Amino acid sequence: MLELRLVQGSLLKKVLEAIRELVTDANFDCSGTGFSLQAMDSSHVALVALLLRAEGFEHYRCDRNLSMGMNLNNMAKMLRCAGNDDIITIKADDGSDTVTFMFESPKQDKIADFEMKLMDIDSEHLGIPDSEYQAIVRMPSAEFMRICKDLSSIGDTVVISVTKEGVKFSTSGEIGSANIVCRQNQTVDKPEEATLIEMQEPVSLTFALRYMNSFTKASSLSEQVTISLSSELPVVVEYKIAEMGYIRFYLAPKIEEDEEMKS
Amino acid sequence: MLELRLVQGSLLKKVLEAIRELVTDANFDCSGTGFSLQAMDSSHVALVALLLRAEGFEHYRCDRNLSMGMNLNNMAKMLRCAGNDDIITIKADDGSDTVTFMFESPKQDKIADFEMKLMDIDSEHLGIPDSEYQAIVRMPSAEFMRICKDLSSIGDTVVISVTKEGVKFSTSGEIGSANIVCRQNQTVDKPEEATLIEMQEPVSLTFALRYMNSFTKASSLSEQVTISLSSELPVVVEYKIAEMGYIRFYLAPKIEEDEEMKS
Amino acid sequence: MLELRLVQGSLLKKVLEAIRELVTDANFDCSGTGFSLQAMDSSHVALVALLLRAEGFEHYRCDRNLSMGMNLNNMAKMLRCAGNDDIITIKADDGSDTVTFMFESPKQDKIADFEMKLMDIDSEHLGIPDSEYQAIVRMPSAEFMRICKDLSSIGDTVVISVTKEGVKFSTSGEIGSANIVCRQNQTVDKPEEATLIEMQEPVSLTFALRYMNSFTKASSLSEQVTISLSSELPVVVEYKIAEMGYIRFYLAPKIEEDEEMKS
Chain Z
40 MLELRLVQGS
50 LLKKVLEAIR
60 ELVTDANFDC
70 SGTGFSLQAM
80 DSSHVALVAL
90 LLRAEGFEHY
100 RCDRNLSMGM
110 NLNNMAKMLR
120 CAGNDDIITI
130 KADDGSDTVT
140 FMFESPKQDK
150 IADFEMKLMD
160 IDSEHLGIPD
170 SEYQAIVRMP
180 SAEFMRICKD
190 LSSIGDTVVI
200 SVTKEGVKFS
210 TSGEIGSANI
220 VCRQNQTVDK
230 PEEATLIEMQ
240 EPVSLTFALR
250 YMNSFTKASS
260 LSEQVTISLS
270 SELPVVVEYK
280 IAEMGYIRFY
290 LAPKIEEDEE
300 MKS
Chain Y
40 MLELRLVQGS
50 LLKKVLEAIR
60 ELVTDANFDC
70 SGTGFSLQAM
80 DSSHVALVAL
90 LLRAEGFEHY
100 RCDRNLSMGM
110 NLNNMAKMLR
120 CAGNDDIITI
130 KADDGSDTVT
140 FMFESPKQDK
150 IADFEMKLMD
160 IDSEHLGIPD
170 SEYQAIVRMP
180 SAEFMRICKD
190 LSSIGDTVVI
200 SVTKEGVKFS
210 TSGEIGSANI
220 VCRQNQTVDK
230 PEEATLIEMQ
240 EPVSLTFALR
250 YMNSFTKASS
260 LSEQVTISLS
270 SELPVVVEYK
280 IAEMGYIRFY
290 LAPKIEEDEE
300 MKS
Chain L
40 MLELRLVQGS
50 LLKKVLEAIR
60 ELVTDANFDC
70 SGTGFSLQAM
80 DSSHVALVAL
90 LLRAEGFEHY
100 RCDRNLSMGM
110 NLNNMAKMLR
120 CAGNDDIITI
130 KADDGSDTVT
140 FMFESPKQDK
150 IADFEMKLMD
160 IDSEHLGIPD
170 SEYQAIVRMP
180 SAEFMRICKD
190 LSSIGDTVVI
200 SVTKEGVKFS
210 TSGEIGSANI
220 VCRQNQTVDK
230 PEEATLIEMQ
240 EPVSLTFALR
250 YMNSFTKASS
260 LSEQVTISLS
270 SELPVVVEYK
280 IAEMGYIRFY
290 LAPKIEEDEE
300 MKS
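In order, the protein sequences belong to chains Z, Y and L.
Everything in the first sequence is counted per our numbering, starting at 40 for the first residue and increasing by one.
Everything in the second sequence is counted per our numbering, starting at 40 for the first residue and increasing by one.
Everything in the third sequence is counted per our numbering, starting at 40 for the first residue and increasing by one.
Worth flagging that the hints you see were computed from the coordinates, not collected in a lab.
All of these numbers come straight from a predicted model, not from anything done at the bench.
Quick reminder that beta carbons are idealized off the backbone N, C-alpha and C, glycines included.
Incorrect hints may have been included.
Said to hold, decoys possible - With beta-carbon atoms standing in for the labels, derived distance ranges:
| no. | chain 1 | residue 1 | chain 2 | residue 2 | range |
| --- | --- | --- | --- | --- | --- |
| 1 | Z | I167 | L | S162 | 53 to 63 Å |
| 2 | Y | Q225 | Z | G71 | 36 to 46 Å |
| 3 | Y | K188 | L | M40 | 57 to 67 Å |
| 4 | L | S70 | Z | T226 | 36 to 46 Å |
| 5 | Y | K188 | L | T137 | 48 to 58 Å |
| 6 | Y | V84 | Z | S211 | 54 to 64 Å |
Claimed, not checked - 25 Å max Cα-Cα, derived DSS-like pairs, lysine-lysine:
| no. | chain 1 | residue 1 | chain 2 | residue 2 |
| --- | --- | --- | --- | --- |
| 7 | Y | K229 | Z | K146 |
| 8 | Z | K146 | Y | K203 |
| 9 | Z | K146 | Y | K188 |
| 10 | L | K130 | Z | K188 |
| 11 | Z | K130 | Y | K188 |
| 12 | L | K116 | Z | K188 |
| 13 | L | K207 | Y | K156 |
| 14 | L | K156 | Z | K188 |
| 15 | Z | K52 | Y | K188 |
| 16 | Z | K207 | Z | K293 |
| 17 | Z | K203 | L | K146 |
As the list claims (entries may be wrong) - Now the stretches of chain Z that chain Y is said to cover, found in silico as 3 or more residues with beta-carbon under 8 Å:
| no. | segment |
| --- | --- |
| 18 | 104-116 |
| 19 | 145-155 |
With the hints as extra help, turn the sequences into a complete structure.
This is the structure:
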C-alpha cells in the first residue's frame with residue numbers, strides 16, 4: 040500500500056506543469072526513500088529526472104517498491120482540480136491498476152478524490168554518473184526563462200559561453216543576432232537574485248532553444264536555476280524543490296556544422 | 040412610455056453575460072412590478088427566469104405592460120460599452136420598434152445613447168409552480184463554479200447527492216472518476232462562505248455538466264448559489280440579485296440508462 | 040557614427056507598439072536635432088509622424104544625417120526583449136547596414152546587444168504645413184481609446200462633431216446606432232482627466248474607425264490626446280511624449296455619400 044501526504048500540494052501541481060510539455064507518459068517510481076521519475080522526452084533528446092524525498096512528505100508510507108505508469112496530461116488535468124492551498128495525498132493499493140489523488144481544502148470543508156487509471160509503460164532506468172563540470176552557473180530562474188524566451192524570437196539555438204566575468208547567451212537568425220551577458224553578481228540584497236559562476240575552464244556550448252524553453256516551465260518551483268556545463272557532457276539544468284528534492288533536465292549540446300567540417 | 044433607471048448599471052451587464060450563452064433571442068417583459076425575462080435555451084432543455092423588481096430601480100416608469108424582443112448578443116455588445124460605474128437607463132416609447140440604453144458616467148461628463156432594434160419573438164410564458172424540494176443546498180457560488188468546471192475535465196455529467204453531512208458531486212469519464220464532497224459548514228467568519236444543507240430526504244440526481252457550467256456564468260451576481268433538488272422535478276439553480284430579484288435556472292435530471300433498463 | 044542613449048527605454052518600446060500595426064517598413068531619420076520618422080500606412084490612407092528630440096536623450100551623438108530603413112515588426116521583436124526599466128542605446132556605424140540596440144538593466148548586471156539588418160526603403164518626406172483648425176479637442180487618451188473601441192462594436196465609421204458644449208462621437212450599423220457625448224470639463228482634480236474644447240466654429244467630420252483604433256495604440260505614451268479638426272484638412276490625433284516630442288497621426292475625413300450626391 041502506498042500513501043503519500045504532501046501538505047504543500049501546489050508543489051505537485053507545479054511539477055506536473057514543468058514536465059508534461061516534454062513527457063507524455065512516464066513511470067513514477069515509489070520506494071522507501073522517495074517518489075521519483077526518470078523519462079526521456081518523446082523525441083529521445085532530453086531527459087527529465089525528478090526526486091521528491093520521503094522526508095518532505097507529512098506522511099509517507101510505501102510498503103514495497105512500486106512503479107506506476109501515468110499519462111501526464113491526464114494527471115495534470117486532475118491535479119489542476121486541486122486548489123493551490125490544498126493538501127494532496129497520493130494513494131494506491133498493491134496490485135491496483137488505479138491511483139487516487141485526494142485533495143483536502145485547508146478548512147477541511149471540501150474533500151475531493153480523483154481516481155486515475157494506470158498504464159503499462161516500458162522504460163529503462165539510466166544510471167546517471169556524478170560528473171565534474173567545467174563551469175556551473177547559478178542564476179535567477181526568472182532571468183534564465185526570460186533570456187531563453189527573448190532569444191527564441193531571434194533564433195533557434197543558443198550558444199552558452201562561460202568566462203570568469205559572466206555568462207553569455209547568443210543567438211542569430213534571419214532578422215539579426217543577439218548577445219545577452221549576465222555578470223557574476225553576489226552583492227545583491229536578496230540571495231535569490233544572485234548570479235554565481237564557478238568555473239574550472241571557459242566553456243562554450245550550443246543548445247536547441249526549444250528544449251531550453253521547455254525546461255524553464257519549472258521556474259515556478261525555484262527562485263534559482265543551476266546550469267552545469269562541460270564540453271563532453273549533456274548540460275544539466277536543475278531546479279531545486281525546497282526541502283524535498285529537485286527536477287533536473289539533461290540535454291546534449293549541438294555539434295556545430297563548422298566543427299564537424301574541421302574534424 | 041418606459042423609463043427604468045438603474046444606478047448600479049453593472050448589474051445589468053452581469054445579467055446579460057450570465058444568460059447570453061444559453062439564450063440567443065428573448066422577450067424582456069416590463070410591467071408595473073418589474074422587469075423580467077423567461078426563456079428556454081436554444082435546445083429547449085434548460086429554462087432561465089430573471090426578475091428585477093421595480094423597487095430596485097432609482098426611477099421606474101412603465102405606463103403599460105410591454106414585451107420587448109431582443110437579440111441578447113447585440114444587447115450584450117451595447118451593454119459592454121457601459122462603464123462598470125455607469126448609471127444605465129432603459130428607455131422605449133410606446134409602439135416603438137427600438138429600445139435605447141443610456142449610460143451616464145459617475146461624473147456626468149460622458150453620456151452615451153445606444154439605440155437597438157427590437158425583434159418579434161414568439162414565446163409562451165410557462166407557469167412555474169412553487170414546489171417543495173427534498174433537499175436545498177446553499178453554498179459559495181465560486182465553489183460551485185469551480186466544482187462544475189473541474190468535473191468537466193473528467194466527465195460529461197455530474198451526479199449531485201445530498202445527505203445530512205454534505206453534498207457530493209461525482210463524475211466519471213475515460214481517464215478516471217472524481218468525487219468532491221462539500222460538508223455542511225456554518226461556522227465560518229463570513230456568511231458568504233457558508234455551506235448550508237436543508238434536507239427532507241436524501242436525494243441523488245444526474246445532470247449534464249454543460250448546462251451547469253453555463254448557469255455558473257451568473258456567479259458574479261451573487262456570492263452564494265442555492266440548488267434545490269427533488270427526484271420528480273427540475274433542479275433550480277438560483278442566484279439572488281441583491282435587493283432586486285434573482286436569476287433562476289431550471290434543468291431536468293438525466294434518467295440513467297440503468298434505471299431505464301429496470302423500468 | 041550614431042549613439043543615442045535613452046534612459047527611459049520603455050518609451051521606445053511603446054513607440055514601436057504604437058505604430059507597427061499601421062506601418063510595416065519605415066525610415067528612421069537621425070539628425071543633430073532629433074530622431075524622427077514619417078511614414079504612410081500600407082494602404083496610403085493615414086500618415087504617422089514621430090519626433091524624439093535630441094535633448095530628451097541622456098547622450099545624443101549623430102555625426103551626420105542618417106536614414107535607417109527598418110522593418111518595424113523585427114524592430115518590435117527586439118525591443119520586446121528589453122526590460123521595462125532598461126536603458127536603451129541605439130548604435131550605428133557610418134555606412135553600416137546594421138543597427139544595434141543595447142539594453143542595460145538598471146543594476147548593470149545584464150547587458151544585451153541586439154543587431155538588426157537595415158533595409159533600403161524608398162520614401163519621400165512630406166512637408167506638413169502648420170494649419171489653423173476649426174476645433175481642437177483635448178481629452179483623456181484612455182477615454183478616446185474606449186470610445187473608438189466601443190463604437191467599433193456597432194459600426195465602421197465615426198462622426199466627430201464639436202460644439203461649444205462638448206464633442207459627440209456617433210456611429211450606426213446593422214444592430215443599431217450610438218452617440219457618445221463628452222462635455223467640456225476643466226474642474227477635475229487631476230489635469231490629465233480634463234476635457235478641453237477650443238472651437239472657432241462647429242465642425243462635424245466622418246472617419247474610418249479602423250484607423251482611429253490603430254491610432255489609440257499610442258495611448259500608453261500620454262494621458263491626454265489632442266484631436267485637431269477642420270473641414271478641409273486631415274484630422275490630427277496627437278500624443279505628446281513627455282519632454283521629448285510627439286507621435287501624430289493624420290487621417291483624411293470620409294466624404295459622405297449624401298454629400299457626394301448633392302455636389
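Cross-check of the supplied hints:
1. The hint said 53 to 63 Å for the Cβ distance between I167/Z and S162/L, and at roughly 59 Å that hint holds.
2. At about 43 Å, the CB distance of Q225/Y to G71/Z agrees with the hint of 36 to 46 Å.
3. Taken as a hint, the range 57 to 67 Å holds for the pair K188/Y and M40/L, whose Cβ atoms sit roughly 59 Å apart.
4. At about 42 Å, the beta-carbon gap between S70/L and T226/Z stays in the expected band of 36 to 46 Å.
5. Hint check: K188/Y to T137/L, Cβ distance near 50 Å, so the stated range 48 to 58 Å holds.
6. Between V84/Y and S211/Z, the C-beta spacing of about 58 Å keeps the proposed range 54 to 64 Å intact.
7. Restraint check for K229/Y and K146/Z: the C-alpha separation of about 13 Å stays at or below 25 Å, so the hint holds.
8. Note on K146/Z and K203/Y: the hinted pairing holds, with a Cα-Cα distance of about 19 Å set against a maximum of 25 Å.
9. Only pairs whose Cα atoms come within 25 Å are accepted, and K146/Z paired with K188/Y is accepted, the gap being roughly 21 Å.
10. With a CA separation close to 24 Å, the supplied pair K130/L and K188/Z stays within the 25 Å bound.
11. The straight-line distance between the Cα atoms of K130/Z and K188/Y is roughly 24 Å, inside the 25 Å bound, and the hint therefore holds.
12. Taken as a hint, the K116/L and K188/Z pair is honoured in the structure, with Cα atoms around 11 Å apart against an allowance of 25 Å.
13. Simply put, K207/L and K156/Y have alpha-carbon atoms about 22 Å apart, close enough for the 25 Å limit, and the pair holds.
14. Taking the CA atoms of K156/L and K188/Z, the gap is near 21 Å; set against the 25 Å cutoff, the hint holds.
15. Restraint check for K52/Z and K188/Y: the C-alpha separation of about 17 Å stays at or below 25 Å, so the hint holds.
16. Taking the CA atoms of K207/Z and K293/Z, the gap is near 17 Å; set against the 25 Å cutoff, the hint holds.
17. Note on K203/Z and K146/L: the hinted pairing holds, with a Cα-Cα distance of about 19 Å set against a maximum of 25 Å.
18. Counting residues of the segment 104-116 of chain Z whose beta carbon lies closer than 8 Å to any beta carbon of chain Y gives 3, which meets the minimum of three for the stated coverage.
19. For the segment 145-155 of chain Z, the proposed coverage by chain Y is satisfied: 10 residues have a C-beta within less than 8 Å of a C-beta in that chain, meeting the threshold of three.
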